[in-house]
Amino acid sequence: HRPDPDNPEQGYHAPFYGAGSKLFAVTGRHELAAPPQPPNDPDNLSALQEVRGQGCAPGLMGTLPAGLPRRTANQTLRGIYWAYDGASGLGTPPRMYNQIVRKVAENIPNPDNPGGEVNTPEQNARLFALLNVAMGDAGILAWDQKYIHDLWRPVVGIREHDPSMGPTGMAGNAIDGDCDPFWLPLGAPLTNKVGKNFTPPFPAYPSGHATFGAAAFQITRLFYGVARDSTQDDLFDGLEFVSEETNGVNKDNSGTVRPRHARGFGDGLWRMIILNGRSRVDLGVHWVFDAFAVDANGQPDLDKQDAQGLRVGGIPLGLTIAEDIFDTEMQLSQEGPRAWQSPYSPCRRGSRLSSGAPVSSPSLRIPGRRSENDPAC
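Quick note: the sequence shown uses our numbering, first residue 1496, plus one each step.
These aren't lab readings, by the way, just hints derived from the structure by calculation.
Think of the CB as a built atom: it goes at the ideal place given N, C-alpha and C, for glycine as much as any other residue.
Please note that the accuracy of each hint is not assured.
[Stated by the list, open to error] Computed list of lysine-lysine pairs in DSS-like fashion (alpha-carbon distance at most 30 Å, straight line):
hint: 1; residue 1: 1746; residue 2: 1598
hint: 2; residue 1: 1688; residue 2: 1746
hint: 3; residue 1: 1517; residue 2: 1799
hint: 4; residue 1: 1746; residue 2: 1691
hint: 5; residue 1: 1688; residue 2: 1598
[To be verified] Here are the in silico distance ranges between beta carbons for each label pair:
hint: 6; residue 1: 1587; residue 2: 1755; range: 33 to 43 Å
hint: 7; residue 1: 1827; residue 2: 1750; range: 26 to 36 Å
hint: 8; residue 1: 1829; residue 2: 1535; range: 36 to 46 Å
hint: 9; residue 1: 1757; residue 2: 1727; range: 18 to 28 Å
hint: 10; residue 1: 1602; residue 2: 1532; range: 26 to 36 Å
hint: 11; residue 1: 1535; residue 2: 1733; range: 42 to 52 Å
hint: 12; residue 1: 1829; residue 2: 1733; range: 38 to 48 Å
hint: 13; residue 1: 1618; residue 2: 1569; range: 29 to 39 Å
Let's have the full structure, built from the sequences with the hints guiding it.
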């Protein structure tokens, strides 16, 4: 990861937070498989081509190669709808997920209550404690994994998808057809300010939105008795949610008021988990595998594992966090800070720092990183 070239002064947000924080209620520091590696992994190339077209800045759509699918109006709306990228008055994704779960709590009967009644005050206290403790641990573990794997964002990865590009580039002439040195994303929306949209100032993998959302909505599903492996539920039947990104009041980064958009979710909170994860590709700020692995048809493959049995992306991480906390009835975690090595230490080669693990986690080590046995370390 390196800063957004369109916002080069942004720096690095919270590099020590994940590794340095004690956890709230999970029983262990859940980890992820390494993301698909550039430049030769076919899953990485597929993700690059997807986000290059789907997440491109509007003014650059005409520069895309023929045959590369462009972002649709519905995908643009989806990306902005789920954004909540820290804008004044909107806040960050956990606020949005609390708003959605509040709608559920106010309208959906609790199966433990006779007569089809909604939650009692005591039940709501438990629900929102579960919800926010799960998101607390999701933030810690997502940021821990982000700075372990240290994967670049599309705005850097697409621009430097050629051996001649970037700080370690070698002399070359014609560039790879999948490289665009001047590509920019639609970007995370700079809501209610005039200026540039942006790529968030921290590594891509896993997606924070995907991890927070999966943890929040899965623990809500479990609270209401939905089977953990069910890919649908009725917890939003008859309901709608208006994102504050698209409420007919808030403005885009040119000062134009966005129209109001009310959205329903026919497959309930599970549908939200998937759409929320995909939305970051629509903005061009994430690779699809930051949320989940995909199968040959481009559909989520939440069971894909590496040789160590570790899964890919923020959604599997969030689901695991929710299920862990629910199963142990939100007992206080005994997990303290991780034994950690800075991603910018001399024991990490190269300037791209696209993936890997600290030397304390040899089972996750990726080729190209020095080991604890290296004399230089």
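*Any hints this thing doesn't respect? Which numbers, in order?*
Numbers 6, 7 and 10 - these are the hints that the structure violates, sorted from lowest upward.
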